[in-house]
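Engineer: Chains A and Y are the protein sequences, given in the same order.
Per the numbering used here, the first sequence starts with residue -3, numbered consecutively.
Per the numbering used here, the second sequence starts with residue 1425, numbered consecutively.
A hint or two may mislead.
Unchecked claim - With a Cα cut of at most 30 Å, we get these calculated DSSO-like pairs of lysine-lysine:
#1 Y:K1438 x A:K99
#2 A:K112 x A:K99
#3 A:K99 x A:K113
#4 Y:K1438 x A:K112
Bear in mind the hints are in silico, worked out from the structure with no lab data behind them.
Remember, it's a predicted structure, so these values are computed and weren't measured experimentally.
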Amino acid sequence: MMRSAIVERAIDVSALVAEVASVTNGATLLFVGTVRETNDGRDVNGMDYTAYRSMAERELSDIVREASSRFGTTDIVVEHRLGTLGLGEASVAIAVAHPHRGKAYEANRYIIEELKKRVPIWKLEHYVDGTREWVAADGSKRAPDGEAAMVKAETRAQP
Amino acid sequence: MTITVLLFASYAEKLGASSIPLELGQGATVGDVLTSLQRLPGASRLPTEPLIAVNERYARRDQVLAAGDEVAIIPPVAGG
C-alpha cells in the first residue's frame, strides 16, 4: 500500500502500520511527529496547522513516489493533519515497511526531511501566555531556503 | 489577462487577504506579480524574494504566466 493524505481528524498510527504490513517485509518503521510543550524556550499549549491544501497533497505524493523509487519499497503511508491540535497530539505520521531495516530507516527519514522543506503547511503556535505566533521553518526563526526547494523541484522535473 | 494571487498564513495576515485578482499584460512573469503586489497596502511587510508556486509547482522569477494562472506566495513552510 502506498498513499499519502492531508487529514482533518486524529491520525490512527496503528492503522498506518497495518496498512504497510506485508510478509515480504522484514522491517517496519513508524515516525510520529507530535505537538511539543516548549518551542524556542516558550511554553506552548496548542497549535493550528493550515496548508495550501491542493499543493500540499501533490507535493507529499511526489515525495512518497521519490522515496519509493530511491529506496525500493511500495509500502509507504503518510498522513499530515490540519486544524487545531493539543499537546502530544500527532501532526504527522510516516509508516514505511521494507524487506530490510536500513532502507526502511532511510526512506522514513527522507520523507520527513523533504516534507519539512517542501510541503506548504504552516503552524500557528498558541502560547500559555495567550499570544500566538506563526512558526518559521522547522521551529527556528531563520530565513526560508527558497532556492533549495526550487532547485529540488526542477531536478525532479528532469526525465 | 487576469491571474490569481494566493496568500497564506502570516502573508495573508500581512495583506489582509487570502486571494487577490491581478490584471497583467501578456508575457508578464512571476517577477511582475511581485512588483504589482508591492503597490498594495501591507506588502512592504512581505520579504522581497519570497518562495513562489505557479499552479502548485515551485517557480522561478522569470517564469512567464498565462491567463488564469494561480500564483501562490509561499511563507517559510513549517510542516511536521
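Engineer: Next, verify each hint and record whether it holds.
Structural biologist: Hint check results:
1. Y:K1438 x A:K99: violated (43 Å)
2. A:K112 x A:K99: holds (20 Å)
3. A:K99 x A:K113: holds (21 Å)
4. Y:K1438 x A:K112: The hint holds at about 23 Å.
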